[in-house]
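2 protein chains.
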Amino acid sequence: MADLLSGILDLSRATPVPLHVQIIDQIKRAVLAGKLPAKLRLPSSRAMAAGLAVSRNTVMAALDQLKAEGFLESLPGSGMRVAPLPEPDLLRAKPAKAAARQHRLAPHWRLPLAEFQPSALAHPQPFAPGIPDLNAFPHEQWSTALRRAARLADTPSAGYDHMSGHPRFRQALCKHLAEARGVVAEAEQIIVTSSARGGLSLLTSALLSPGEECWVEEPGFRSAKAIFSAHGGRLVPVPVDAQGIDPSRAPASGKPRLIYTTPSHQYPTGAVMTLARRLELLDAASRAGAYIVEDDYDSEFQYRGRPIAALQGLDRSGCVLYLGTFSKSLLPAIRVGFVVVPAGLADGFRKVHRHTAQFVPPVIQLALADFLERGHYAAHVRRMKSIYSDRLSAFCEGIARHSGGALAAAMPDGGLQTVVTSRDGMADAALAAHLAKADMQGQPLGDFHMVPKAAVHRGMLMGFAAWGEAEAAKAMARLARLYR
Amino acid sequence: MADLLSGILDLSRATPVPLHVQIIDQIKRAVLAGKLPAKLRLPSSRAMAAGLAVSRNTVMAALDQLKAEGFLESLPGSGMRVAPLPEPDLLRAKPAKAAARQHRLAPHWRLPLAEFQPSALAHPQPFAPGIPDLNAFPHEQWSTALRRAARLADTPSAGYDHMSGHPRFRQALCKHLAEARGVVAEAEQIIVTSSARGGLSLLTSALLSPGEECWVEEPGFRSAKAIFSAHGGRLVPVPVDAQGIDPSRAPASGKPRLIYTTPSHQYPTGAVMTLARRLELLDAASRAGAYIVEDDYDSEFQYRGRPIAALQGLDRSGCVLYLGTFSKSLLPAIRVGFVVVPAGLADGFRKVHRHTAQFVPPVIQLALADFLERGHYAAHVRRMKSIYSDRLSAFCEGIARHSGGALAAAMPDGGLQTVVTSRDGMADAALAAHLAKADMQGQPLGDFHMVPKAAVHRGMLMGFAAWGEAEAAKAMARLARLYR
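One line per chain: the protein sequences are Z and D, in this order. As numbered in the working numbering, residues 598 to 1081 make up the first sequence, in order. As numbered in the working numbering, residues 598 to 1081 make up the second sequence, in order.
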């Protein structure tokens, strides 16, 4: 035994890998490397067990498995030998090639991954944009809702039914969207996806062919550009002004298939699209035969007056797809978004969704239905709206005061972020680098622009919602030191 | 009031839509339809409230919202009037167009949705294939694990961290895959997706360019063909024999980018790929620079001997992507799958996954980690293996006996389904129609074939795992009546 398998078997008790698995792995590797030649007779299991100081059962379990997988074969009588491997040439040829293998993603990901990567939202510093308060989430209530939902997850929804949304959740969501957002739709038009990004990816796959035109807001949300571009869409930046995206400034020759817009709070400028502009945009889409993608990512948080109803509710030609998410109003970790599609697309979308597979576990959907039905969701949003409104005021005041008036933050009507500019006209990237010295984070506005690449942009997008009083005060103190 | 708004406002107390929302909707619709002309003065809120028999607060809430959205404007002094809408021509032109709008999905979905739709697994009859037992799931244990996980879902994982998999779950899964499946990988190589189909969709998007060749098993899994085809892949059917897919029978000129295979139990034939064939396939992939997609969908359930280790563990050139799922071993409603990618692709896949967005909520991942770590998962699989093994024997025996020997079911080594044939050589579709008379479901084998389309296939794939003794006995009694 010592002679035959030494240099081949080297068991470790320090790893969590079971001993029989180590024996299997090491013998396999030796056979494949030609170190144990075909027809070589192995020592008896008793001898191996003694040599390795393991139980005979361990050795026999390993040998049985190696036999089942074709590495060993039984000898007439008793004992095992190495099985003849099919084409040893193949095996010997491999290691050299292994090193040479060049992994590459499909080329359609080159541009989106280089240009439009989402900002790093892991371990965010104050005041990174796009993040709600993670501590204020009602974990206990949610845990109770989950437990209740786990009991409700009965046989029909345990299988492959309702992959695109549990009926009870779609019903509760439909009612909520009608009341809170003026969305006009039946529950069957809702496709539930793991995040709004999942909905965006689904609808792009379902509707866009390579080479087709996609109008995107300039400046605008990077992930939408990434997803359209990865599907071969031709991005056409359309300028945004104080009224929102302006279709009259799109190329006259344009024939868009998709028009992406954030009418409730334009991302990143915060502009709220006026009624006139909404009607103009619907008309432009209707005439072009395009679909409007309305991304309503954080409309729940409107601090002055009520939220403006969704563009979708004004649509009479069935051209709007409405994207929503619970990432901002509850928690990103909920991983629930949805897309409301025109009735004529619902069946096709359900079929496509079976393949693109941004599914949400029924237990999460049922817990969320519970939250909506019992009013926990509305209560949480109400509570956070009041907290965020205070944080917005404190942020705007603090930015001005602690920078000695050198910086100014715009006061938007809603949302979780705002634009900070330097009164001396510092360019966005310089401003970002400057504030990083105070461990403050933000996204330079230039990141949201496509054209002209070389232009100087002023201002950064900063989030005020995720940080409580103490954390915000510490960051502001660092800012004060920076500007002293 | 009665004069001005009759025919426009018609409130219903029978719907769940709040009254103020009904008022908003109906006035909007009237303004957009030109039924309430610009500058028309509305009755006072008091008069409207009286006329509609609702509270004045309800009316005022509606009017405020309509003003905020730009439909109404305040009059000097008091009162409201209809705001002048921007371009009434646009509005008038629309309704006619609305009816004419033709919704269509992108053409790349035409073939996959027509040819390779997944079989209807909603409301399955005995003995539809592909479904585990939905009643045997340890709901109480899972509910406890979820509750515990909800408490653990702390701040870092509440945000946008770890979108491609919670570290604790990836670690537990990695250990499990090494021990149970012989998968050789670090936790970082695992991308967690909402079902194996999500993993398949992700990897296809990440790796395949339109026009590239995809080898698929003939016969083989329809969803893989659908996903490759929707991404523009050129499907090349490669014959399957008793040893699995046979690369030597692929077109000699072939240059595949992806090779899809189910080596543990070929779907649908049940063939287990031999070691020789595994090495051949790895060699073919290595020489072609192709990636092998190993779909290990139900390998946990091996009834004779131990499961054969994954093909991935034999790969020394980094060409295998390993797909797994908890849909079969636990429950489809878990909605958790994963793909283990070569180390050189892990970072790229995480980036692409941010956009394709088949995310799994952290709370589900943590509960599943708990299940793996505490041995609940292994115990459930052990228990189900014994139950399924009994059901397989009973199924094979029952099919033969109750058909009076007219039908025969193959006895596979593992999995949740087997092939049933009629001894008189009945074609698959006729057999399916025949068995449907006994309310028995199955999938004709022809559905899994691409070529030749016109050939007669014999046999249907039927599942034995999902139905308990009582339900199976009832179905068998119906079969007996059919063959009496």
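Source of the hints: derived by calculation from the structure; they are not laboratory data. Some hints could be false.
If several chains are the same, the list does not tell them apart, and a pair holds so long as it fits within one copy or across any two.
Below, computed lysine-lysine pairings styled on BS3-like, alpha-carbon distance capped at 25 Å [said to hold, decoys possible]: (1) 982 to 772; (2) 948 to 632; (3) 632 to 664; (4) 852 to 636.
Legend entry - Up to 25 Å CA-CA - residue 664 versus residue 632, copy category: within (18 Å within a copy, 83 Å between copies)
Legend entry - Up to 25 Å CA-CA - residue 772 versus residue 982, copy category: For residue 982 and residue 772, only the intra-copy Cα distance (21 Å) is at most 25 Å; the inter-copy one is 44 Å.
Inset, instruction - Give the relationship of residue 948 and residue 632 under a CA distance limit of 25 Å: within one copy only, between copies only, both, or neither. - result: Neither way: residue 948 and residue 632 sit 52 Å apart in one copy and 40 Å across, limit 25 Å.
Legend entry - Up to 25 Å CA-CA - residue 636 versus residue 852, copy category: neither (70 Å within a copy, 36 Å between copies)
In the structure shown, a violation is registered for the earlier hints numbered 2 and 4, in ascending order.
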